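> Given next are the chains, with one letter for each unit.
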Amino acid sequence: MSDIGLIAHLMRRAGFGASRGEVEAYAAQGYEATVEWLLHPGDPGDFGEDLAKRRAIGFDEGGAAFELWMVRMIHSNNPLEEKMALFLHGLFPVIYMSQGRALLNQLDSFRRHAFGSFRDLLVALSSDPAMLLFLNNNDNHADAMNENYGRELVELFSMGVGNYTERDVKECARAFTGWTLGNADYMAVRAGKNSFDPYGSIAWHYEYRPDDHDTGVKTFLGETGDFDGEDICDIIARQPASARFICTRLFQFFAADTVDAGGRRTIDEMVETYYSSGYEIRSVLRTLFNSDYFKSEQARYARVKGPVELVINAVRMTGASPNPAAGSAGANGATGPMGQAVYRPPSVEGWHEGKEWIESGALMERVNFVAKLFRDPSKQGVRDIIDRIASSNGGVYSPEETVDLCLDLIGPVRASEETRAHLVEFASVGGDVDLRGDDRGKSEVRVGEILALITATPEYQFA
Amino acid sequence: MFSLEYVKTIGGGRKIRPYDIAFSADGKYYVLNHATGFGAGRFTVCNFDEDIIVELPDNAGDGTFAQPVAIAFDRDERMFVLDEAKHRVTILDKNAEFLGEWGANGSGDGELDRPSALRFDRNDDCYVADQMNHRVQKFTKDGEYLLQWGSFGDGEGQFNMPWGLNLDSHDCVYVADWRNDRIQKFTPDGEFLAAFGESGRGDGQFDRPSCVVVDDEGYVYVGDWGNERVQVLDPDGGFVAKLHGQATLSVWASRFIDSNPDEKRTREASNLYPDLPHELSSPFHVSSQTEPHFFGITSLHVDDQDRLYVVDSRRQRFQIYQKRR
Amino acid sequence: MPQTNGSNGSHGDRKLVVVQQSGGNDYLNSVVPYTNGHYYDFRALTHHDPEDVLKIDDTVGFGPTMGPIKELWDQGKVAVINGVGYPNPDRSHFRSMDIWHTAEPEAISQEGWLGRAIREMDPKGENVLTAVNFGVGLPRALGCDGVPVASVGNLATYGLFPDMEDEWLREYALEAFGKMYGAAAGKEAVMGFLGQTGTDALKGADILSTAPEQYSSTIEYGSNGIAKSLKDAAQVMFADFGTRIFYATHGSYDNHAGLKTAHPQLWTELGPAVTDFMDDLEEHGEADDTAILIFSEFGRRVRDNGNGADHGSGGVAFLVGNKVKGGMYGEYPSLAEKDHLDGDLHFNNDFRGIYTSIAEDWLGLDAAPIVKGRFESFDLFEE
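Residue numbers (this note's numbering), protein chains in the order written: chain Z, 1 to 463; chain X, 1 to 325; chain H, 1 to 383.
These are computed hints drawn from the structure, not numbers from a lab.
Please read all numbers here as calculations on a predicted model, not as lab measurements.
Backbone N, C-alpha and C fix where the C-beta goes; we use that ideal spot for every residue, glycine too.
Heads up, a few of these hints could be off.
[Stated by the list, open to error] Anything over 10 Å on all C-beta distances counts as not near chain X; from chain Z, calculated: (1) Asp43; (2) Gly45; (3) Asp108; (4) Pro198; (5) Glu207; (6) Arg440.
[As the list claims (entries may be wrong)] No more than 25 Å apart at the CA atoms, straight line, and that leaves these computed lysine-lysine pairs for DSS-like: (7) X/Lys8 / X/Lys28; (8) Z/Lys372 / Z/Lys442; (9) Z/Lys355 / H/Lys203; (10) X/Lys138 / X/Lys242; (11) H/Lys179 / H/Lys203; (12) H/Lys15 / H/Lys179; (13) Z/Lys355 / H/Lys187; (14) X/Lys138 / X/Lys185; (15) H/Lys260 / H/Lys70; (16) X/Lys28 / Z/Lys53; (17) H/Lys338 / X/Lys264; (18) X/Lys8 / X/Lys323; (19) H/Lys323 / H/Lys15; (20) X/Lys185 / X/Lys242; (21) X/Lys94 / X/Lys28; (22) H/Lys179 / Z/Lys372; (23) X/Lys94 / X/Lys138; (24) H/Lys124 / Z/Lys355; (25) H/Lys55 / H/Lys260; (26) H/Lys15 / H/Lys260; (27) H/Lys203 / H/Lys187; (28) Z/Lys372 / H/Lys203; (29) X/Lys28 / X/Lys323; (30) Z/Lys355 / H/Lys179.
When you get a sec, could you build the whole thing from the sequences and use the hints?
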């Protein structure tokens with residue numbers, strides 16, 4: 001049986017958190033087996049998409065598209081698959097693209113490639129219509145180059161500044177001429193003004209235009225040939241800078257916001273795996289999750305929870321959305337005011353994570369959303385916590401005992417001495433908690449209030 | 001040889017958001033809009049030539065409709081509007097003045113749970129598809145409960161979230177048994193007669209059928225919603241034909257295009273029937289990218305001139321086809 | 001150009017209220033060129049009849065439901081800035097709104113023009129309430145690193161744990177929150193920063209929560225959203241927290257349909273909300289120190305589509321206030337088809353000129369770093 005705290009940590013990072021019952025089940029099968037299960041997504045489950053579609057005509061348009069994704073994040077049997085989709089959306093962001101279906105299709109593409117080779121992921125990204133439109137590759141013609149996508153591919157999506165020349169950018173862009181979307185000009189005009197006319201929105205698909213492809217010889221990163229976009233992805237994937245880029249970003253998303261010496265060593269191991277596995281992201285993640293660094297005490301609560309993580313975690317943990325048809329319990333409207341509206345990242349660089357999530361307005365939104373869910377004893381997840389407390393020892397608990405049990409069952413959350421003292425002070429207002437007999441209802445409300453205050457602590461803002 | 005010839009498309013340009021339509025005795029279309037606002041009323045009354053005769057207000061008596069899903073005229077040309085979310089029937093005159101209402105949420109006799117279709121028989125009694133109670137109920141038009149049949153399941157006479165229903169010229173009842181991927185046929189009293197179809201994308205197979213209508217000769221037209229097509233069956237349920245939709249610009253849609261020169265120019269250079277990559281080959285994806293195709297069929301009608309009307313809800317229009325024999 | 005004296009200028013009492021008309025307010029049916037034949041040609045089905053137009057002069061008038069705005073116009077308190085836009089117009093709501101918010105049409109930027117202005121006014125971020133948004137989330141216009149901004153969805157319930165019904169218990173919870181974040185504030189790195197942020201949040205909420213109880217007024221605002229937002233703004237302003245920027249949003253003005261129904265209806269909400277707010281300012285002695293900017297991300301197509309008009313570019317903005325020099329600014333763009341920009345009125349005034357004028361002449365700030373360049377300003381304010 002693995003350590004509960006360790007499994008809970010894994011599930012917060014490689015998923016959106018898990019209830020104590022789930023954590024115990026994973027612990028029983030063991031840590032490494034749980035990692036393997038996460039790395040091999042199966043049937044994601046039924047999200048009642050036929051019902052969503054029946055009940056709302058525009059079920060995949062505008063904000064409703066993101067609602068579908070939120071529901072999937074909450075209920076998917078494949079938590080890491082959804083977490084990777086969120087990671088890849090932040091890594092390869094598109095903005096101002098309001099064709100909901102095209103964005104859902106992009107997420108499907110991310111899911112298909114999330115655990116495969118980084119090279120294939122780059123090819124898929126380069127043939128994603130929303131990305132092509134966002135970075136103007138529809139304007140990248142054999143006779144009139146637009147280098148926007150070519151530049152971001154090497155600057156933001158792989159190697160990073162300092163690893164290529166301006167000439168490489170141009171040659172890269174040339175190789176991607178002809179990579180466009182179907183009816184590009186019409187779709188670009190419509191996308192430019194979010195047009196739903198005359199007959200509702202039209203989704204997008206990739207199209208390769210051989211007649212618009214620059215077939216000339218290109219020299220890219222020192223290699224020369226009649227390169228197409230796929231050849232460019234081959235070359236990029238081989239570069240040490242690319243390996244370090246993807247491994248570092250995975251490390252920062254899953255392990256720690258800042259990279260220290262131990263982190264650098266872990267990234268080195270991930271880079272080794274990157275090459276030995278043929279750039280396979282699954283293998284790289286396995287190295288990360290099984291690393292001593294990831295499993296160490298130091299890595300726990302070393303990341304500020306992103307708003308989507310925070311909100312989905314709270315909805316899952318409380319059972320606020322008991323099934324897909326119940327929707328996302330407000331998740332989709334909640335993350336924007338906290339600073340992370342999906343598909344509305346602040347720039348082409350995605351969200352700046354970590355400390356950047358912390359801002360006074362956003363903090364209030366976080367605390368209010370999560371506390372409201374946890375203070376409601378009628379929510380199944382809250383009930384489960386209360387039942388576990390009630391059955392743990394006698395049924396009557398001092399404020400200290402109550403706080404410690406709550407801290408354990410909601411996380412375990414590691415509270416500082418001061419935080420714990422103030423929680424106990426708050427819990428003491430009503431004296432002992434009695435979960436036996438007639439007074440149980442009143443005490444359940446009090447446990448809910450204590451849980452709510454725990455979710456408002458500084459410590460709870462970290463994952 | 002049976003055939004259906006495309007006639008025209010009505011809708012687009014944000015004029016209507018049709019979910020269901022009803023025909024008045026003088027040949028006008030009463031379009032029930034699933035969304036209102038920006039000048040579109042709850043009901044748009046228009047004709048074959050796309051003249052808008054009047055927009056009627058969103059009058060459900062005690063406020064507005066929540067999720068209206070069906071409209072039908074009784075013999076006195078009163079409008080019966082079924083609201084799925086309010087679990088009730090509202091009766092309006094042809095100016096949308098409130099006349100009455102009936103229906104209450106529940107599972108007892110005559111109670112409704114997310115009802116999804118309403119049609120009249122020749123005696124002016126009406127049948128309601130009672131979605132979440134997995135049954136069909138029959139009422140007088142004043143809401144007096146007459147009879148019911150069905151329960152949850154996939155056996156004969158059982159249902160899984162039925163959606164549309166309709167009657168043939170003998171008042172036999174056809175039900176789109178949505179999550180069972182089939183059409184069931186019953187006598188007027190609910191005795192099981194036949195079931196057509198099974199799950200799948202092939203001919204005679206269905207994916208979540210939403211609606212059904214039967215013409216004078218007994219041909220059965222099925223809104224094969226998940227497969228984004230209409231299938232035509234002979235009276236015994238044999239496959240006859242299928243349609244995927246071939247909408248063209250309506251008068252309203254043309255007006256939109258004319259007022260947006262950038263869209264007009266680029267649209268004219270576009271292929272509206274594109275070839276799609278393999279990961280986007282499902283009927284849903286094809287319809288999401290092929291504007292002329294049906295997308296989200298929510299109701300079907302035939303008129304006395306052998307025309308078939310297909311309500312194409314996600315594309316804000318209906319398409320009209322002429323039957324030829 | 002008038003003299004300015006940089007940050008913390010001499011106009012420390014002056015306030016700016018921004019009302020964003022989200023969705024693309026239709027220019028032609030707001031400021032109606034009612035004697036121009038093209039208007040009736042292009043708006044065959046959606047024009048306002050000349051007898052309904054609230055005439056300003058021989059060429060233009062306000063839309064029929066803009067009576068309150070016309071009243072303010074007659075008092076010389078409304079500046080109408082014609083043909084506003086920016087080069088290479090973008091017809092996407094999101095992108096065009098971001099351009100107006102950041103004043104950067106060429107690049108995607110995260111920094112709002114008002115955020116930059118706030119930084120100039122309060123460089124150390126000493127007042128957490130220098131700017132207050134009345135709505136959910138933070139408009140990008142107010143966003144700027146190190147600039148605290150409060151976003152108030154509903155002033156009456158603003159704060160932490162708003163749904164804790166038991167006020168007594170809520171006090172304990174707030175006290176515990178304050179102590180926990182106070183303790184964290186003394187720690188290192190991210191935890192310390194978080195502690196400070198929590199402490200600030202609590203402080204801001206505490207201050208703001210006192211606004212409604214301090215407020216008294218004879219004005220009765222309407223019950224619609226924009227009226228409520230402006231009433232909340234008045235409460236915060238009169239409570240003297242040092243707030244200089246107030247932001248509110250109204251809409252949606254995305255009238256692809258309903259130019260004759262929904263669009264006039266929007267003005268029946270906005271007009272009275274503005275006049276009520278102006279009266280409230282007058283009653284509380286703030287009218288001479290407050291200016292209201294009303295803007296939208298773009299105007300709509302010249303030719304209607306039957307009963308609405310689609311996304312366009314050249315639009316109109318309004319500036320309202322006692323110290324605003326009322327009148328028409330800039331030319332009304334030509335309606336002749338040959339002068340259209342892809343079916344739109346061709347913008348002829350860069351919106352950054354309005355911002356320049358507000359920054360320099362009203363707020364007393366150097367405009368260049370705020371609007372990212374030098375733009376010809378309008379002479380919009382009285383000396």
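> Where does the structure disagree with the numbered hints, that is, which hint numbers, in rising order?
Numbers 3, 4, 5, 10, 12, 16, 26 - these are the hints that the structure violates, sorted from lowest upward.
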